[in-house]
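*Asks:* As a plain string of letters, each chain reads:
Number of protein chains: 2
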Amino acid sequence: MAIRVGIFGYGNLGRGVEQAIRRNPDMELVGVFSRRDPAKVKIKTPGVSVYSEDALVNQEVPMDVLILCGGSATDLPVQGPKYAALYNIIDSFDTHAHIPEHFADVDAAAKKAGKIGIISCGWDPGMFSLNRVYASAVLPGGTPYTFWGKGVSQGHSDAVRRIDGVLDARQYTIPVPAALEAVRAGKAPELTTREKHTRECFVVAAEGADLARIENEIKTMPNYFDEYDTTVHFISAEEMARDHAGLPHGGSVLYSGVTGADSENTHVIEYSLKLDSNPEFTGSVLVAFARAAYRLNKEGQCGGRTVLDIAPAYLSPMSGEELRAHML
Amino acid sequence: MAIRVGIFGYGNLGRGVEQAIRRNPDMELVGVFSRRDPAKVKIKTPGVSVYSEDALVNQEVPMDVLILCGGSATDLPVQGPKYAALYNIIDSFDTHAHIPEHFADVDAAAKKAGKIGIISCGWDPGMFSLNRVYASAVLPGGTPYTFWGKGVSQGHSDAVRRIDGVLDARQYTIPVPAALEAVRAGKAPELTTREKHTRECFVVAAEGADLARIENEIKTMPNYFDEYDTTVHFISAEEMARDHAGLPHGGSVLYSGVTGADSENTHVIEYSLKLDSNPEFTGSVLVAFARAAYRLNKEGQCGGRTVLDIAPAYLSPMSGEELRAHML
Chain A
468 MAIRVGIFGY GNLGRGVEQA IRRNPDMELV GVFSRRDPAK VKIKTPGVSV YSEDALVNQE
528 VPMDVLILCG GSATDLPVQG PKYAALYNII DSFDTHAHIP EHFADVDAAA KKAGKIGIIS
588 CGWDPGMFSL NRVYASAVLP GGTPYTFWGK GVSQGHSDAV RRIDGVLDAR QYTIPVPAAL
648 EAVRAGKAPE LTTREKHTRE CFVVAAEGAD LARIENEIKT MPNYFDEYDT TVHFISAEEM
708 ARDHAGLPHG GSVLYSGVTG ADSENTHVIE YSLKLDSNPE FTGSVLVAFA RAAYRLNKEG
768 QCGGRTVLDI APAYLSPMSG EELRAHML
Chain B
468 MAIRVGIFGY GNLGRGVEQA IRRNPDMELV GVFSRRDPAK VKIKTPGVSV YSEDALVNQE
528 VPMDVLILCG GSATDLPVQG PKYAALYNII DSFDTHAHIP EHFADVDAAA KKAGKIGIIS
588 CGWDPGMFSL NRVYASAVLP GGTPYTFWGK GVSQGHSDAV RRIDGVLDAR QYTIPVPAAL
648 EAVRAGKAPE LTTREKHTRE CFVVAAEGAD LARIENEIKT MPNYFDEYDT TVHFISAEEM
708 ARDHAGLPHG GSVLYSGVTG ADSENTHVIE YSLKLDSNPE FTGSVLVAFA RAAYRLNKEG
768 QCGGRTVLDI APAYLSPMSG EELRAHML
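If you read the protein sequences in the order shown, they are chains A and B.
So the first sequence is numbered by the working numbering: it starts at 468 and just counts up by one.
So the second sequence is numbered by the working numbering: it starts at 468 and just counts up by one.
Derived from the structure by calculation, the hints contain no laboratory data.
Incorrect hints may have been included.
Chain copies aren't distinguished; within one or between two, either way the pair holds.
As the list claims (entries may be wrong) - List time: in silico DSS-like cross-link candidates among lysine-lysine, alpha-carbon distance up to 27 Å:
#1 663 / 511
#2 507 / 686
#3 765 / 578
#4 549 / 507
#5 617 / 654
#6 686 / 579
#7 511 / 617
#8 765 / 617
#9 663 / 507
#10 579 / 549
#11 579 / 663
#12 579 / 509
Using the sequences and the accompanying hints, generate a full structural model.
*Replies:* See the structure below:
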């Protein structure tokens, strides 16, 4: 019998999860749950219904894992513990500073209910976190680096959209090639924020808007842009739709460390992602870890987990024997 | 109290493990064991003794984990099960075709003794295996690639050394740049053995040896060279000592897969290693997993394991709280 999966929240990420489930024959989508009017939510999987949040609370649809696809700011801190009390859950909570408290909340609820709750799953946090931990455990005392992009930052795009006179905006985060090359060469450089990434904005402005003022407001925006070299391009709505409709992203976790009696040998580890669709890749990671959540709970385990707590074999549909014969 | 580690076998890998232990303050080398005369084995860690194999069999030195640093052809198939009956062990068994039977042997012995036995740990098998499993679980149906090099293949170097008239040899395995680039671009090319790697040999020949015959014997050697484009350079013993003393290696595990309703989005995952010293990096991986072996056994677990069966958190000296706060 397939692993029965529910999706709560049908934005970009929920749609990415839906696509990923289709590519895993051992998994089955049993329902999409939404706070919007279910009648107005059209999904892509034939034969699967859309339900209100009440149906989740009332456990109307039997399922093995619920994938929470809400936002980290206000949705997941509430939904994580609430639904870990009812289902095995998994989320992509990505506010790094608040991970410890979110973990504690989900852990307590999941333990009490005898369920598994995996938080902060995706690529950063997620696949990048795994690589940070593997690298630093293998080469203690080395230097870690994370580069993001080239890719669309939705948070930065939203920040630009909030400026007066801006109709639409897309912000790309771009690693500085010289910085990447120095790290790859094992030089372990010290890099400032400005030396690691540049930012490039494509902006559709309202007719008659003061473009110089908009550009200045972007470049000087605290936290988002003031510590970076930023380029601003004003384009038409047509150009935005034609050239910037996708949500590509990616990046690299690099780590360099030394070994040898005199630290004479340098080693560089790099994990890189080039993603045409950030939400579809994130959804794919969530689905692989949903398989792990189901299996862990079936073994009788419960409580909070992160990607760091889960042996890789739990993610694969292959058995231990198959993995040893074909994948080691 | 530090984790007490023993090393059995003091060749390149054993010396690499010794160096790695020094960089992990929670670990302590308690003894090096050798089949050579212990009086003739000089190690680099002050205050640590060298013992005969008898001392291992008689359990003369209390330890938490024994790291087996012998060869895969004849040493490890015997030593793995033999010492898993007495200690938590870990090895770098790398004959891919025989992993299932080696696992079964170590698993049976370790279960019976209540110990943990981790096999096939290093970078391939090891870190590369982890990345193959993570990538294929996240993007099912994608295309995996493994490239090795640029680096010294000890097996191929040994094969050249066995040719009549060859005094010394070093063989470098080199990925074909065009193949790597096509994979990185997400083109998922079909590649023959010849299209993926070239081989470059540096050979010191005996005086008066027939160089054309040696070159021909190398290039046509079945399994080792006949399916590759191989370049042969004859050099002096001085040049060999000056330019080819190191054991650098590395490589990349690449994986490309698609998502989306019409498979319209391509994703490329790459894990790359650039290693100045193959045995010191492999030793560093073994030591990180030795920490896991100790912890798993302390929890009461026993039996055979591979890197795929071990949650990443077990490798790190950090606690779960520290990992969630700083590494996710």
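*Asks:* Work down the list of hints and note, for each, if the structure agrees.
*Replies:* Hint check:
1. 663 / 511: The answer is neither: 39 Å in one copy and 40 Å across copies each exceed 27 Å.
2. 507 / 686: neither (39 Å within a copy, 68 Å between copies)
3. 765 / 578: For residue 765 and residue 578, both the intra-copy (14 Å) and inter-copy (23 Å) Cα distances are at most 27 Å.
4. 549 / 507: Cα proximity of residue 549 and residue 507: one copy only (25 Å, versus 66 Å across).
5. 617 / 654: Answer is both: 22 Å inside a copy and 19 Å across each meet the 27 Å cutoff.
6. 686 / 579: For residue 686 and residue 579, neither the intra-copy (48 Å) nor the inter-copy (66 Å) Cα distance is at most 27 Å.
7. 511 / 617: neither (29 Å within a copy, 46 Å between copies)
8. 765 / 617: For residue 765 and residue 617, neither the intra-copy (40 Å) nor the inter-copy (44 Å) Cα distance is at most 27 Å.
9. 663 / 507: neither (44 Å within a copy, 51 Å between copies)
10. 579 / 549: within (12 Å within a copy, 44 Å between copies)
11. 579 / 663: Close neither inside one copy (44 Å) nor across copies (53 Å); limit 27 Å.
12. 579 / 509: Cα proximity of residue 579 and residue 509: none, with 35 Å in one copy and 56 Å across.
The structure fails to meet hints 1, 2, 6, 7, 8, 9, 11 and 12 from the earlier list, while all remaining hints are met.
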